[in-house]
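Chains X, G and B supply the protein sequences, listed in that same order.
Residues 344 to 607, numbered by this note's numbering, are exactly what the first sequence covers, in order.
Residues 173 to 449, numbered by this note's numbering, are exactly what the second sequence covers, in order.
Residues 88 to 449, numbered by this note's numbering, are exactly what the third sequence covers, in order.
Just so you know, the hints here were simulated from the structure itself, not pulled from any lab data.
Quick caveat: nothing in here was measured; it's all calculated off a predicted structure.
Fair warning: there could be bad hints in the mix.
What the hints assert, rightly or not - Straight-line distance between alpha carbons at most 30 Å, and here's what the computed DSBU-like set of lysine-lysine pairs gives:
1. B/356 <-> B/335
2. B/226 <-> B/201
3. B/99 <-> X/515
4. B/201 <-> X/515
5. B/209 <-> B/261
6. B/226 <-> X/515
7. B/224 <-> X/515
8. B/261 <-> X/515
9. B/209 <-> B/226
10. X/515 <-> B/122
11. B/122 <-> B/226
Residues per chain are reported as follows:
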Amino acid sequence: MEIHKTSWPMRVLVFALFLYLLAPVILVFPISFSGDQVLRFPPTFWSTRWYAALFQNTKMLNAFWTSVVLAAVVTALSIAIAVPAAWAMTRLKFAGKDVLFNLFTAPLLLPTIVLGLAILIVFASFGLLATMQGLVFAHLVVTLPYALRVLAVALSTQDQACEEAARTLGAKPLTVFFRVTLPMLMPGIVAAAALCFLVSFDEVVITLFLTGPRISTLPVELYNYVYNQADPLVAAASVLMILLTLGIIMIVERAMGLGKTFVK
Amino acid sequence: MRSGELAVLLLLPIAMINTIGFILPVLNLARLSFNKVSLGGGIENVFTWENWFGLLTDSFYLELVFNSVWISLAITLTTLVVSYPIALYLHRSSGPWRTFLTVLVISPLLTSAVVRTYGWIAILIDDGPVVSAIRALGLPVPSLMFNIKGVFIGLTEILMPYMILALMAGFGRLDPRVEEAARTLGATPARTFSKVILPLTLPGIALGCLLCFVLAVSSFITPKLMGGGRVFLLATEIYDQAIVTLNWPLASTLSILVLIVFGAALWAYSVVLRRLD
Amino acid sequence: MPVSQSAEEHLKLDGISVSFGAVNVIPSLDLSVCKGEMVALLGPSGCGKTTTLRMIAGLISPSSGRILVGGRNITRLPIHDRDMGMVFQSYALFPHMDVLRNVQFGLQMRNVSKQDIEQRSKEALELVQLGQLAQRKPKELSGGQQQRVALARALVIQPSILLLDEPLSNLDAKLRDEMRLQIRALQQQSGITAVFVTHDQVEALSMCDRVVVMRNGRIEQFGTPTEIYERPATAFVANFVGRTNRLKGTVGSDGRLSAAGQPLRATAKLLPGPVDVLVRPHRIALKPSNGLAAAGDGNVVEGTMSGIIFIGDLVQYIVRAGGAEIVVEEATRRERPSLGVGDKVQLTWSPDDTLVYPDDDK
Chain X
344 MEIHKTSWPM RVLVFALFLY LLAPVILVFP ISFSGDQVLR FPPTFWSTRW
394 YAALFQNTKM LNAFWTSVVL AAVVTALSIA IAVPAAWAMT RLKFAGKDVL
444 FNLFTAPLLL PTIVLGLAIL IVFASFGLLA TMQGLVFAHL VVTLPYALRV
494 LAVALSTQDQ ACEEAARTLG AKPLTVFFRV TLPMLMPGIV AAAALCFLVS
544 FDEVVITLFL TGPRISTLPV ELYNYVYNQA DPLVAAASVL MILLTLGIIM
594 IVERAMGLGK TFVK
Chain G
173 MRSGELAVLL LLPIAMINTI GFILPVLNLA RLSFNKVSLG GGIENVFTWE
223 NWFGLLTDSF YLELVFNSVW ISLAITLTTL VVSYPIALYL HRSSGPWRTF
273 LTVLVISPLL TSAVVRTYGW IAILIDDGPV VSAIRALGLP VPSLMFNIKG
323 VFIGLTEILM PYMILALMAG FGRLDPRVEE AARTLGATPA RTFSKVILPL
373 TLPGIALGCL LCFVLAVSSF ITPKLMGGGR VFLLATEIYD QAIVTLNWPL
423 ASTLSILVLI VFGAALWAYS VVLRRLD
Chain B
88 MPVSQSAEEH LKLDGISVSF GAVNVIPSLD LSVCKGEMVA LLGPSGCGKT
138 TTLRMIAGLI SPSSGRILVG GRNITRLPIH DRDMGMVFQS YALFPHMDVL
188 RNVQFGLQMR NVSKQDIEQR SKEALELVQL GQLAQRKPKE LSGGQQQRVA
238 LARALVIQPS ILLLDEPLSN LDAKLRDEMR LQIRALQQQS GITAVFVTHD
288 QVEALSMCDR VVVMRNGRIE QFGTPTEIYE RPATAFVANF VGRTNRLKGT
338 VGSDGRLSAA GQPLRATAKL LPGPVDVLVR PHRIALKPSN GLAAAGDGNV
388 VEGTMSGIIF IGDLVQYIVR AGGAEIVVEE ATRRERPSLG VGDKVQLTWS
438 PDDTLVYPDD DK
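Chain X extracted, bound-state conformation (with noise of 0.2 Å):
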């Protein structure tokens, strides 16, 4: 195909847009091991003092574990809830169907800003204001759609004939759901687990409204900290975050390959 070899302008200018794209992605970690006192690039010196600075700081320290517990609660809830639902949206006959998927996936469409806003003053009654119980249900609010979404659509590609051939080898339904249903679906249920673990780990905005000195996670302390000084603790903080997403990509990748699970 002689036409679509890509001229070097075009490559040039793609180059620099990937640039672009990324920089602000590759520039924390040499930011991260700067010697410096203040945010500054490039670094005067390298050392490894922002780490060491960021496990002093028990602030950070709290909120990091807070937000792994926070996001292994609203993961493992996630699947619990959005298992059983969409079996039942792509299983069972009843009117209204498609109005049901709609609502439960609409939470996706409303900004988090005004969602953030419209929990905390529902919450705000109930007096659920920075407390673990608040925050799991307000990740659920977001992280369920995303779930249903992604098991919905694997329980519906799944070939159903596998249902119907351990039924007619004499399993009945709650067998065929725990022994053919459910195994076939492990790969939906790794890539849901991941989706909601990585959102639930990375949402700043409604957590911004829930939290307050008693409770907060990690990408509200950066918040916070970023808010107030810039200093290169925070891309410290950001390499760890990044790690961390990056260890959870692989494990997916391990369990499916990445191209099946975020490139659909």
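Given chain X, work out where chains G and B should sit, using these hints.
Okay, now just chains G and B, sitting in the frame of chain X:
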């Protein structure tokens, strides 16, 4: 158990969370936009058009809405221009190279907006690499931080992955053989682009623009951190009214206004799509 | 091998009808299958053959009517209690289990003892010559191997009826021929009653004791492969099974048949009116015209050669006669008759091969 009863049972948890965490709060938001703050700071449960009336007569808020929409539109168009070449290049590449580049495009999406905004602060601050480079060239030094320029540059980059993915989804209709046909029929590369490639990719462009506009209007982290308190947009104002001023009725009214802007964008998108068909 | 008339009835569909919403897919169906026989449900797509099979399995409920197996009414019996062995078009092997576990699944559902499960699953795999692949996952097998696992999985539970849904349609032509023989051999060895859904007449005729030809949810004909081929009950069956020439003709009030501008004879009883006359291409003999009317009681048609198509095993002659086009097929021989386009030719065939049906205007 009948199929309907089983469905109710299985959908009950998600329906509860959806109702308490989404439907009720949003309805409450709409109601609140017609309430007002009492003198004691509480919310008076009366029906009033005060918020809406105040909003539409106050020049500060009118300017705020106007600015937000214009800046978002400008950012959307810029994002389109810088994303299109990447999307086209990705569409034409193949094999592991394509997979690798696609992962590069998606990877910023998996990085927190706070982290990426921080990265831009590092690049654009007064002694940062960009300003230093401009100074080295002997050009007048612009101030890129804590004003709308920085927000513009940062937000454009943050929205790029969405635009690229939307464009690539739209490029599905672009069969390389159509281009080849145009070339064999004597079209120059420039005419092939304007007469064949661009028209065929318009649906993808429309989708990407809708997505980016909606995300730009509601963006909060980047304007807040890079604007340095000097850039006022709808989203930052909602947050300030809700958390700093504690005027929830006004914050609610602004939120509903954002939703109205969303509705307008969706309407414009559907009109464009109908034209394209 | 036709089953003798005295054979015991095993599966009976009695006044079955099926509707999907407002669409009546099967208006009314009666069918009776004898013990140990293999019956094909043959027809074009959408004729209701797969629906019928899925209904026997219990995957679809009939709107009315009864399904009886060995005299027992199973119409309302849940699928898992029906004791059917089904082979699916996509094979539907469990992707997360290896071959052995796939085969053992049905036995585990039946609370068979551990030792029996081990032994019977091994035997079943040996039966389909897959003993050495027991630890493989389905996706590591070829199409033919997957097919055999599906067969072993359905047979190992010793079901009362084996149901096969287009089991060969995903295989390439050569493998299909092989599997046809193997499936038939396995079915006859185990003496199991089998219902086989296919749209391929070769599969239906070559494998099955009897064939049901279906169209639009109705049975057009139910008979042995020879009956279906030699004495098709309707023009649809004649057209669907094997190749035919179709000539427009009429039966006069005197009962005389004519088509292609010639008087013809047929063995069937004729009613006056417009008719379709069907003749299979290879039942027609062709020779250069000698200008004489042929003697005997065969049908004779004079015509002009208008085309010769060489297909390999066959050669097709296209002959124009009395405004109609008649195709004649002959096996190719090394010495081919010296006939050319434009030559006058004479076609002859027996009245027994002249199939006449009322004109159904299609």
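Given the hint that residue 261 of chain B pairs with residue 515 of chain X, test it: the Cα-Cα distance must not exceed 30 Å. The given pair, whose Cα atoms are some 38 Å apart, is violated under the 30 Å limit.
Do the alpha carbons of residue 99 of chain B and residue 515 of chain X lie within 30 Å of each other, as the hint requires? Given that 30 Å is the threshold and the Cα spacing comes to 25 Å, the pair holds.
Straight-line Cα separation of residue 209 of chain B and residue 261 of chain B no greater than 30 Å? holds (28 Å)
Taking 30 Å as the top limit, are the C-alpha atoms of residue 356 of chain B and residue 335 of chain B close enough? Holds - the C-alpha atoms of residue 335 of chain B and residue 356 of chain B are around 17 Å apart, at most 30 Å.
Pair hint residue 224 of chain B and residue 515 of chain X, alpha-carbon separation not exceeding 30 Å: The hint holds at about 24 Å.
Is the Cα-Cα distance between residue 122 of chain B and residue 226 of chain B 30 Å or less? violated (35 Å)
Below or equal to 30 Å on CA atoms is what counts here, so check residue 209 of chain B against residue 226 of chain B. holds (20 Å)
Are the Cα atoms of residue 515 of chain X and residue 122 of chain B separated by 30 Å or less? holds (28 Å)
Holds or violated: residue 226 of chain B to residue 515 of chain X, with C-alpha atoms at most 30 Å apart: holds (26 Å)
Can the restraint linking residue 201 of chain B and residue 515 of chain X be considered satisfied, given a maximum Cα separation of 30 Å? With a Cα-Cα distance of about 20 Å, the restraint between residue 201 of chain B and residue 515 of chain X holds, given a limit of 30 Å.
Straight-line alpha-carbon gap residue 226 of chain B to residue 201 of chain B, limit 30 Å: holds (27 Å)
In this structure, the earlier hints numbered 8, 11 are contradicted, and the remaining ones agree with it.
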